[in-house]
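Numbering-wise (full-length UniProt numbering), the sequence shown opens with residue 1 and increments by one.
If you are wondering where the hints come from, they were derived from the structure by calculation, not from laboratory data. Take the hints with a grain of salt, since some may be wrong.
Said to hold, decoys possible - Below, a list of computed lysine to any residue pairs in the SDA-like style, where the Cα atoms sit at most 25 Å apart:
#1 8 x 65
#2 8 x 68
#3 8 x 22
#4 8 x 67
#5 8 x 44
#6 8 x 64
#7 8 x 46
Everything numeric in this text was worked out from a predicted model, so none of it was measured.
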Amino acid sequence: LVGTLVRKQPPELLLDVGGVGYELEAPMTTFYDLPALGQEVTLFTHLVVRDDAHLLFGFTELRQRDLFRDLL
C-alpha cells in the first residue's frame with residue numbers, strides 16, 4: 001500500500017491513498033521507520049477479517065509481515 005502518511009499515533013497510523021484514508025495497526029518497529037507526516041510511504045499489509053472487525057496491519061519491511069503471518 002503506497003500513500004501519504006497523515007497521522008501516526010501508536011499503535012495506529014493513517015495513510016491517504018488516492019483520497020481514501022486507510023487506518024492501519026503497526027508494531028513499534030514500523031513506527032521507528034516511518035517518514036515525517038506528509039511524506040509518501042510504502043507499507044506491506046495483512047488484512048485480518050473477523051466477525052466484528054476488519055483489521056489492517058502495516059509493516060515497512062516484507063520480512064516483518066511474513067513473520068507476522070507465520071505467528072498467526
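Hint-by-hint comparison with the structure:
1. 8 x 65: Holds, at roughly 19 Å.
2. 8 x 68: holds (20 Å)
3. 8 x 22: holds (12 Å)
4. 8 x 67: Distance of about 22 Å is within 25 Å: holds.
5. 8 x 44: holds (16 Å)
6. 8 x 64: holds (19 Å)
7. 8 x 46: holds (18 Å)
When the structure is compared with the earlier hints, no violation turns up for any of them.
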